[in-house]
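Novice: Spelled out from the first residue to the last, the chains are:
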Amino acid sequence: MHSVMQQPFKTAVLILVWGWLLFLVLAPNLLVVGASVMTRDPVSFLSLPLNLDAYRQLFDPLYLEVFLHSLYMAAMTTLVCLLIGYPFAWALSKVGKQRQLILIFLLIVPFWTNSLVRTYALKLILATNGLLNSALMSIGLIDEPLQLLYTEGAVIIGLVYLLLPFMILPLYSVFEDLKQELLLASHDLGAGRLSTFIHVIVPLTLPGVLAGVMLVLLPAMGLFFVPDILGGSRNLLVGNVIKNQFLDARNWPFGAAASIVLTVTMAFLMFAHRLSKRRIGEEGA
Amino acid sequence: MTRWLPRTYLTLVYILLYVPIVVLVVFSFNESRTGYAWGGLSLRWYEALFNNRAMVNAMWNSLWLALSAATISTVIGALTALALHRYRFRGKKLLNGMLFVVMMSPEIVLAISLLALFLLVGLQLGYVSLLLAHVTFCLPFVVITVMARLSGFDESLPEAARDLGASDFTMTRTVLIPVIMPALLAGWLLGFTLSLDDVVVSTFVGGPSYEILPLRIYSMVRVGLKPEVNALGTLLLVFSLVMLMLSQWILIRSKR
Chain A
1 MHSVMQQPFK TAVLILVWGW LLFLVLAPNL LVVGASVMTR DPVSFLSLPL NLDAYRQLFD
61 PLYLEVFLHS LYMAAMTTLV CLLIGYPFAW ALSKVGKQRQ LILIFLLIVP FWTNSLVRTY
121 ALKLILATNG LLNSALMSIG LIDEPLQLLY TEGAVIIGLV YLLLPFMILP LYSVFEDLKQ
181 ELLLASHDLG AGRLSTFIHV IVPLTLPGVL AGVMLVLLPA MGLFFVPDIL GGSRNLLVGN
241 VIKNQFLDAR NWPFGAAASI VLTVTMAFLM FAHRLSKRRI GEEGA
Chain B
1 MTRWLPRTYL TLVYILLYVP IVVLVVFSFN ESRTGYAWGG LSLRWYEALF NNRAMVNAMW
61 NSLWLALSAA TISTVIGALT ALALHRYRFR GKKLLNGMLF VVMMSPEIVL AISLLALFLL
121 VGLQLGYVSL LLAHVTFCLP FVVITVMARL SGFDESLPEA ARDLGASDFT MTRTVLIPVI
181 MPALLAGWLL GFTLSLDDVV VSTFVGGPSY EILPLRIYSM VRVGLKPEVN ALGTLLLVFS
241 LVMLMLSQWI LIRSKR
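Taken in order, these protein sequences are the chains called A and B.
Per full-length UniProt numbering: the first sequence = residues 1 to 285.
Per full-length UniProt numbering: the second sequence = residues 1 to 256.
Simulated from the structure, these hints should not be mistaken for laboratory data.
Here the structure is a predicted model, which is why all the values come from computation and not from measurement.
In this text, a Cβ means the ideal position worked out from N, Cα and C, and glycines have one as well.
Watch out, some of these pointers could steer you wrong.
Residues from chain A shown here face chain B by an in silico Cβ test under 10 Å; the list is partial [said to hold, decoys possible]: (1) 16; (2) 27; (3) 30; (4) 34; (5) 61; (6) 63; (7) 189; (8) 190; (9) 192.
Derived coverage of chain B by chain A (criterion: at least 3 residues anywhere in the stretch with Cβ under 8 Å from a Cβ of chain A; other residues may be distant) [stated by the list, open to error]: (10) 13–26; (11) 75–83; (12) 92–104; (13) 116–123; (14) 164–175; (15) 210–221; (16) 234–245.
Here chain B stands alone, though its shape is the one from the complex:
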């Protein structure tokens, strides 16, 4: 097969994928208000962004939500992965299946089911409802990441620890946790990003008492063009790029 054809094709698709992102970044430094024509270099939209108190507030709320959701889902997800890996118990297949279904279900299905639950039990929509929902959709991703790490792991280590008299808890703490550490970090970062990015679920289970960034962006972009969104998008892009590189770096380094 000729070599240049697949390469040209790959390059073309990558260009298409990145054009909108590049346009966004370039326009975030655009002086012009209309948004379409170039009016000179400027940082005014970044300034406008940080002077918007509601926006900054939503940013902090989102960061805190993502931080807590990622942490809780990493703890529960890691324990789940350990249980699935180490224990035999009834309903193991069902547990696996449920996690798979959560991961595959369209977000909107999860969203309305959680909304129905929260209203039924009388939970006020806000930070807690968002947190429960975000942990739920992050959970399967953490489980998978940790399971992948555990599956390539030497079984004689935990055996040795147990022979030396360690309890399950001690063995988990001293042997398994260090082994799955890279997967924990990668899963945490993935959960953090998923939470920060979520629009669909948050639209349903969020409330006015706790405004978060994606919902704020959503209400801004629905009508017309808002140059501040370019600046905000650029910041988010840089932020997720750093997070992604960090997680890749952790995973690659751990394989050596």
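So here's chain A without its partners, still in its complex pose:
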């Protein structure tokens, strides 16, 4: 296909790219897998013998509770994002083209803004003497300030606020592709609105839902700075555990094992997403 003259360029590019990915993506990830089955060592971080203690430690009631609580908060975040984002994406796909561009622009502006700063801005609103409490008290809805900050709710609000665009964008893209003829056909065949929604719209938008879930659920377990700023010490994420184990407690095997749990969750979600897409591909053909 290519003459010898053209080969050096191709070879150079491929070596560069593969070198980068092997050295900075594959090797580090293998290291983490390796670290998770080694023994903790106070001096060199890791030592032999190989064992599964770190994984066993994940089931220690103390940590299990943190993990389940983190999973719960991540699931709630995902659910809230889905409940807000699904109708939002639907409504967005119905707006005129020109206006759609502006609305999408407005949606990604926050995404381009420093996430720490945005989390901090929520603190201004949720604090005991913050704006929300002041507003509620001034209209007489409450007599004394509510404890909003440093609660589970505050962490979920923070996560939803940061991650909502990641739910909306994939949903918007499936709603954009939704063919109006299919909806009309369903209507012509006598299906009511609810029936069309359940049997046509939901299955066709499922890949978007799963992509959104994937983009929200995982970061919602990893964004450790959100509980640091809004949640206090009782509402930790898996990310906080990993960070503490790696940077403070210096227990690498345990931190690595916790991170592998996240990776496995990701793999599972990616698999589900692929499956749902393939099913639609077959049915749509």
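Assemble chain B onto chain A, guided by the hints.
Specialist: Chain B only, in chain A's frame:
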């Protein structure tokens, strides 16, 4: 379907998204120290910000890091996209898959894996470690942006160039690069912003020898309220807004 219902809903969600940002901007001009009550218009927090030498230093460090990370990832990302688009080679699917995994992985997973690597090879944590990490997480975004541009591109142009005797390198330089230029700029701006915004990865692979802005903000906002953060946040907001508008403008203009 009634029209006002979806519109009201969209408006409501946008208001919720923007309230914290507006509050931040307004409070950055607040004279009061307590941070919650309005004490009159003032620029004192902006002044405090620029008089804080460590802060200004972190700002420059962050800008330089973002600049270099965006540039390197754009070069490597563009070459990768070109290779994926033009060449057939073994492991192409694997390469695609790896880029996808990097993009989807939770940042914290990438962060600890890179930390483990840097400590193993004995790299001192600082500018170089931050740079390698930032380029790595920016890379897939550049590849996607450039690939999207290449996929809608007339294949007869490179063919013609080759028929006229251009080598691959010459053809890439004279035909492909001008075509993907808007995508390169957009990818560069995206990488720049991602790098400037990153907290998670930098917390792990950053070191005291090279302090950057997000880590400085992080240590400030963890305890209590710091009015300077409002001012800094406002500046960052304006800055990213300009960057975003620039990249959109480039992309939209190139489509005409």
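Novice: For the restraint on residue 61/A, tell me whether the closest CB of chain B is nearer than 10 Å.
Specialist: violated, 23 Å
Novice: For the hint on residue 63/A, does the least C-beta distance to chain B fall short of 10 Å?
Specialist: At about 16 Å, which exceeds the 10 Å cut-off, the nearest Cβ of chain B leaves the hint on residue 63/A violated.
Novice: Less than 10 Å between beta-carbons is the criterion; does residue 27/A satisfy it with respect to chain B?
Specialist: Residue 27/A check passes; min Cβ-Cβ to chain B is 6 Å, inside 10 Å.
Novice: Given that the region 13–26 of chain B was listed as covered by chain A, double-check it with a C-beta distance under 8 Å for 3 or more residues.
Specialist: As far as the region 13–26 of chain B goes, the hint holds, because 9 residues have Cβ atoms under 8 Å from chain A.
Novice: Holds or violated: is the Cβ of residue 192/A closer than 10 Å to a Cβ in chain B?
Specialist: violated, 14 Å
Novice: How does the region 234–245 of chain B fare against chain A when you require at least three residues with a CB closer than 8 Å, holds or violated?
Specialist: holds (count 6)
Novice: Classify the hint on residue 189/A as holds or violated, based on whether any CB of chain B lies nearer than 10 Å to its CB.
Specialist: violated, 20 Å
Novice: Should the interface hint for residue 190/A be scored as holding, given a Cβ-Cβ cut-off of 10 Å against chain B?
Specialist: This interface hint is violated because 19 Å lies over the 10 Å limit.
Novice: Per the CB criterion, is residue 34/A less than 10 Å away from chain B?
Specialist: Where the cut-off is 10 Å and the nearest Cβ of chain B is about 9 Å from residue 34/A, the hint holds.
Novice: Counting residues of the region 164–175 of chain B with a beta carbon closer than 8 Å to any beta carbon of chain A, are there 3 or more?
Specialist: holds (count 4)
Novice: Please verify the coverage claim for the region 116–123 of chain B: does it have three or more residues whose C-beta sits within 8 Å of some C-beta in chain A?
Specialist: holds (count 4)
Novice: Under a C-beta cut-off of less than 8 Å, do 3 or more residues of the region 75–83 of chain B approach chain A closely enough to confirm the stated coverage?
Specialist: holds (count 5)
Going down the numbered hints, you'll see the structure goes against 5, 6, 7, 8, 9, while the others check out.
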